[in-house]
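Asks: So you can see what is in the structure, the chains are spelled out below.
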Amino acid sequence: MSNIDILTIIFFVAIGTYTLRVSGLLLSNRLKKFKNIDIFLDSIPATLLISLIVPSIIKTGLIGIIASLITILIMYKVKNVLLAMSTAVFIVALYRNGLLF
Amino acid sequence: MKNELKNGFMANLPISISVFTYGAVLGIICTSKGISFLQLALMNIFIFAGSAQFLIVDMLSSPVNISVVVWSALLINLRYFLIGASLNEFFTNTSLKKRLFIMHFVTDESWAVTMSKNKKQGVSVFFLLGGGFCIFIVWFLGTLSGYYFGEFISNPKLYGLDFAFLALFTAIITSMYKTKNDLIIYLITAIIAVLLEKLLANMSYIIFSAFIGSFLYVYLNKRQNDE
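Protein sequence lines correspond, in order, to chains A and B. Letter by letter, the first sequence follows residues 1 to 101 in our numbering. Letter by letter, the second sequence follows residues 102 to 328 in our numbering.
Simulated from the structure, these hints should not be mistaken for laboratory data. In this text, all values refer to a predicted model and were calculated from it rather than measured experimentally. Don't take each hint at face value.
Unchecked claim - Here are the computed lysine-lysine pairs in the PhoX-like style, where the Cα-Cα straight-line distance is at most 25 Å:
hint, chain 1, residue 1, chain 2, residue 2
1, A, K77, B, K218
2, B, K220, A, K35
3, B, K107, B, K199
4, B, K218, B, K279
Work out the full structure: start from the sequences and follow the hints.
Replies: Right under this line is the structure:
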């Protein structure tokens, strides 16, 4: 693996990623002709984030699932992102240090 | 505009803790893979997408198959197309030059924060940009500290820091929840994502399950509107 190889990869991924970022925005007006596209795009944030994280949470094991459920509960009751996030991290840390069960 | 930039920057600070950690882990991995800091910095500046950078570094081997690495990385980043499309309403009065500049700084984190904030009170495109700047700087600093001071953070997993990113997004998704239909779609999408992740050899499951979930969402809500 040479430096040229790495730089080639960086170059193409950079160009491709930028193209994806910009084209989504620039083509969105043309997407409008599709029926219900607004409902579709409205739901994208949630479905995309769920697809991104749920498999990883499951892979973390039972403690990951428990910590996520507690995160949801705190967010639902208190609506504080920082509190919800740090509680989850704290629980996972306790567990991994053998302090939980 | 200045205020919005600052608000966006500040709103992303809580998340930046996990971005910093995530970056530090990448920095540590880069040293073990023999990647120079300059190469890491080029990735941070020009690619600026955490999961794709992880994947690239992870896939580097000798001999390396360049096209496989590039296509896999772009496959994960395909979600930026959807993210870009969902941002249309923020850019209605923005010049092309600004669009081309601002879009480079859009990340999962700053986008998610902007979208959830926008549901409560309207925010402008500068809020999005401020968030992007925050993540950009923190990401860079995170990879830098991992690269040069990695040995001090011997095991980030022991502190549960790898979970911060997942917990954060879980919290953000919860804040997006509105109706019972949402819950149905969220659960179905989650199940599809878990299944597809096992069936597909690459990261394309992220795109596919988001698509299926959103199509079902359209179907459910359209039917309700018709009734």
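Asks: If a hint holds in the structure, say so; if it does not, say that too.
Replies: Here is what the structure says about each hint:
1. Restraint check for K77/A and K218/B: the C-alpha separation of about 18 Å stays at or below 25 Å, so the hint holds.
2. Straight-line distance between C-alpha atoms of K220/B and K35/A comes to about 23 Å, which keeps the hinted pair within the 25 Å bound.
3. Distance check on the hinted pair: K107/B and K199/B sit about 18 Å apart at the alpha-carbon level, within 25 Å; holds.
4. Between K218/B and K279/B, the direct Cα distance comes to roughly 14 Å. Compliance with the 25 Å bound is thereby established for this hinted pair.
Checked against the numbered hints given earlier, the structure satisfies every one of them.
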